[in-house]
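Asker: Once you've looked at the hints, go ahead and assemble the two chains, each given alone in its own frame, into the complex.
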Amino acid sequence: MRKVSRLSRFNVASLALGLAFLYLPILILVIYSFNASRLVTVWGGWSLRWYHEFFNDRAMIEAAWMSLRVAASSATIATLLGTLAAVALSRGERFRGRTLFSGMLYAPLVMPEVITGLSLLLLFVALNAERGFWTVTIAHTTLTMCFVAVVVQSRLGSLDRSLEEAAMDLGCNPVRAFVAVTLPLIAPAIVAGWMLAFTLSLDDLVIASFTTGPGSATLPIRIYSEVRLGVKPEINAICTLVIALIAVVIVIASLASKLSSSQGESAAPL
Amino acid sequence: MSSRRIFARPARFAAIAPYIWMVLFFLVPFGFVLKISLSQTAIAQPPYEPVFDLTAGWESVKVAFAALSFDNFRLLGSDDIYVYAYVRSLTVAVTATALLLLIGYPIAYGMARLPKRWQAVAMVLVIVPFWTSFLIRIYAWINILQHDGLLNQILLALHLVSQPVVWLSTDTAMYIGIVYSYLPFMILPLYATLAKMEPALEEAASDLGAPPWQVFWLVTFPLSLPGVGAGVLLCFIPIVGEFVIPDLLAGSNSLMIGQTLWLEFFTNKDWPVASAAAIVLLVVLLVPLLLYERLQKRQLEQGR
Numbered sequence: 001m002r003k004v005s006r007l008s009r010f011n012v013a014s015l016a017l018g019l020a021f022l023y024l025p026i027l028i029l030v031i032y033s034f035n036a037s038r039l040v041t042v043w044g045g046w047s048l049r050w051y052h053e054f055f056n057d058r059a060m061i062e063a064a065w066m067s068l069r070v071a072a073s074s075a076t077i078a079t080l081l082g083t084l085a086a087v088a089l090s091r092g093e094r095f096r097g098r099t100l101f102s103g104m105l106y107a108p109l110v111m112p113e114v115i116t117g118l119s120l121l122l123l124f125v126a127l128n129a130e131r132g133f134w135t136v137t138i139a140h141t142t143l144t145m146c147f148v149a150v151v152v153q154s155r156l157g158s159l160d161r162s163l164e165e166a167a168m169d170l171g172c173n174p175v176r177a178f179v180a181v182t183l184p185l186i187a188p189a190i191v192a193g194w195m196l197a198f199t200l201s202l203d204d205l206v207i208a209s210f211t212t213g214p215g216s217a218t219l220p221i222r223i224y225s226e227v228r229l230g231v232k233p234e235i236n237a238i239c240t241l242v243i244a245l246i247a248v249v250i251v252i253a254s255l256a257s258k259l260s261s262s263q264g265e266s267a268a269p270l
Numbered sequence: 001m002s003s004r005r006i007f008a009r010p011a012r013f014a015a016i017a018p019y020i021w022m023v024l025f026f027l028v029p030f031g032f033v034l035k036i037s038l039s040q041t042a043i044a045q046p047p048y049e050p051v052f053d054l055t056a057g058w059e060s061v062k063v064a065f066a067a068l069s070f071d072n073f074r075l076l077g078s079d080d081i082y083v084y085a086y087v088r089s090l091t092v093a094v095t096a097t098a099l100l101l102l103i104g105y106p107i108a109y110g111m112a113r114l115p116k117r118w119q120a121v122a123m124v125l126v127i128v129p130f131w132t133s134f135l136i137r138i139y140a141w142i143n144i145l146q147h148d149g150l151l152n153q154i155l156l157a158l159h160l161v162s163q164p165v166v167w168l169s170t171d172t173a174m175y176i177g178i179v180y181s182y183l184p185f186m187i188l189p190l191y192a193t194l195a196k197m198e199p200a201l202e203e204a205a206s207d208l209g210a211p212p213w214q215v216f217w218l219v220t221f222p223l224s225l226p227g228v229g230a231g232v233l234l235c236f237i238p239i240v241g242e243f244v245i246p247d248l249l250a251g252s253n254s255l256m257i258g259q260t261l262w263l264e265f266f267t268n269k270d271w272p273v274a275s276a277a278a279i280v281l282l283v284v285l286l287v288p289l290l291l292y293e294r295l296q297k298r299q300l301e302q303g304r
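Residue numbers (full-length UniProt numbering), protein chains in the order written: chain A, 1 to 270; chain B, 1 to 304.
Treat the hints as calculated values from the structure; they're not laboratory data.
These numbers were taken from a predicted model, which means no experiment stands behind them.
The beta-carbon is built from N, C-alpha and C at its ideal position, and this holds for glycine as well.
Worth double-checking, as some hints may not be accurate.
Facing chain B, according to a computed beta carbon distance under 7 Å, are these residues of chain A, among others [unchecked claim]:
no. : residue
1   : Y106
2   : C239
3   : V242
Chain B extracted, bound-state conformation (with noise of 0.2 Å):
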């Protein structure tokens, strides 16, 4: 075990580069959403009253708190237009994330049941569409659902239809662009948990006279919670915030709180109350964040 300890003393040192850099990039930068969530809306560049100059002393420190406002936070909380947002992307993300959980565990438990060979192929095949691009894929399924796209000329030869459906701006496109690009992140930890789970267990259920249906509720189901967990959150932590999905395949009509943020943003200029809807967005998502941090821990640290 000596040698254990000496080789983490220089181990450790090997934290001092990244931790500068993620404090600096990181944590820092929080620092200043929040300051500037506090801050009054200046036509200006940038477009925010200064409420901090550490140059000037313990003086300034006063004047600048008694300049924080909560009026932006107000704001939100006040405008229709945003409590609806935030209403809408949980909704979005609690409909997407059920979806998911139900059309991708079908997939993972296929995987997991391949004979072993298989099942790397099968995980190569499910990896590879995440490393094409994410716009991308979105825009293919523009291509497909578009006023004379595929989807509509399929449906109209097949007489399914007699004139071509609006897919394109509605709620319907949306899901699909959600599903098809966070498909792989439910999979890959479901199929793991169902991979590692003995199949003596299964056997033994199905042996003691319990048909198949009752074999998954009560063995496999219960054995996969933890990668049920896992996709859940990897899913829905950043469906919450999506901004290009909703943006090219939903209307504009109702808005996520992602696009909200962008628009304050980039069109509005209003710096002070993007900001104050980060936090706020960043406070919704703190105890799914917790979670999925505590479960990502525990899964690399048990991985020795």
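Extracted from the complex, chain A is given alone in its bound form (with noise of 0.2 Å):
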């Protein structure tokens, strides 16, 4: 019997090429922040010269601590909202609303930025709310908790029933069978969860010039006035900054995951 070889050398190339493509641009990003000319192009050897400078930049450091403050609350409340919505979405059973309570939650996902920008800044205008940290925060909480929930819900949706409804065969009422139950084995998607909003609101740039008042710029904001003017060496000093910090977070959260889905099948039992 002739067998279809599982890996053909079209399908090797294809993959490497992709993750070439993927990578490459971001590690040459990385290797001339370290470059000493001024030029961003020429190779003057390796320096930290323009992380010194990052770290002097008042207008820049203040955006960065502005994006890591918004990025932390927003995803915060994001996680709890989020996490709620795909509890009451996977075991609500019906309720009235469901249908456009979902739809409310799948819309923001693929929604072009400018109109959710747009629009709730509309809504900020007219409660005549001053702009600036809280603004922002609440449009990002609104983008990320989208993603929350989904992630939850697609963990919630794989999990076997059977466990929580032992649990209250056994006595415990709803709300203990979910919190001795139920959130111990969903801790690592809220988890990820949690992060994959905290970094959405690092990320964005759209909702946040929509949404933010004067003086209060995030990073995003600052690194985009300063790009569209050209390419700027201390510039690739930040996003190598806000690329190693992201990873920090990924590997923190990944760790914290397996520690908790560890912590949850021993759970599991009890």
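Answerer: Printed below as a string of structure tokens:
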């Protein structure tokens, strides 16, 4: 019997080219951030000069701090709301307004950001809200809670429901069964959801541009206005730092989720 | 089953807080967009005539309805700039999505054929660039494509060109940027369906004498259509409204609708026209949005 060879030469080549395409530009950017030369494309030896420049750039540092604060707070609120939404959608059976609810949760995932940003700004203006930290945080929460809901909901969907039902048959009330059985099992998804929300918020330019006020620019807004004027080595350094930060978040979060999932498995039989 | 139903009751209450949040910050804002798109431009702060004043009672509502105007929409329909921007947005989105499918499919196919252990590694490798900032990835390409950038240096060194090629501010640069940014969105749904496919089906077709390309066209590709649909929608919808990539990589002589909206809003301070542009964009995207939502819901509810 002739067998289809699972991995053809074409498969290997397209995989290798695809990954190179995805990673080379970022790698080049990181390497050039250590370039001593002022000209971005001329190699002048290794140097930390541009990192030094960044740490002395008041406006950039302030923008970075603003971005980190917005990302941490919006990710936390979004994780809370997104998890609740996921629980309601995957365990709530039928309830009134369910279609509208799931519609509102899935639409922002693909909605062009200019529309979301514009509509929220018009709301804030109508409410006469002072634009700055809180308006950006609310806007990012609205966007990222939908991503959290999807991540947590797909985990809830793959869980064996008989576990929480067994807990209730053994005398737990629903809330207790959820906290003792379901929550530990979905903890990795919740951690992943927070992480996704954090990086999405850190990344967002369009929605933040609409919803922020004067004097409280986020890091992407600052980077964007610099990039429009041309390539600057300092930007390479900032981008490298952001990439490093995101890498650290991913590593910590995946360690945490591994830890909690092994705990979750030991907690499940209890 | 009864305990499932008992569990469902408090689970339903979990919807309250996110429900209120989404109505307040997602649904209600659209009402404002609609309202302002129907109002007159004014040189004021905020720069539009308020058309609604509920405090004045029913009379004011009647006055408000009388004052509603479709002028902004008429402007969008009659001014070539806007019509052209919508046409361009759709053209760019269709072209870019086709390119993404063409490039993403072989990669997803290769991933699905890796040994199980390597599949997980490949998936992480595809997802990781998605975590690094969108803006940073575009900036990385500006580094490479600029006048004395790496690409031109390589082309010159290989004597493929005699003088630097202009890459930035061209459609080529924009398509590179779009494909680069959206590739994971295309690969992941494709991979998800291809990996679930029964390898015996392909083997059977080939045992019955079909040449590899026929196996692909008659068996593999038709079975992967749900993944193709998800990937295409996931890329097409946001690309139509894309702002950052065309703004930084394409030339400024032909704008996409996201850029015109941004320009009307931030530069011309014409909020009513910007709102009207947003409404039209939303109407254009309504069908793909509904399709995508149905797909998403079906997938999540099948998962259990």
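Asker: Confirm or reject each hint.
Answerer: How the hints compare with the structure:
1. Y106: holds, 5 Å
2. C239: With a closest approach of 4 Å, the C239(A) hint holds.
3. V242: holds, 6 Å
Violation of the numbered hints given earlier is absent; every hint is satisfied by the structure.
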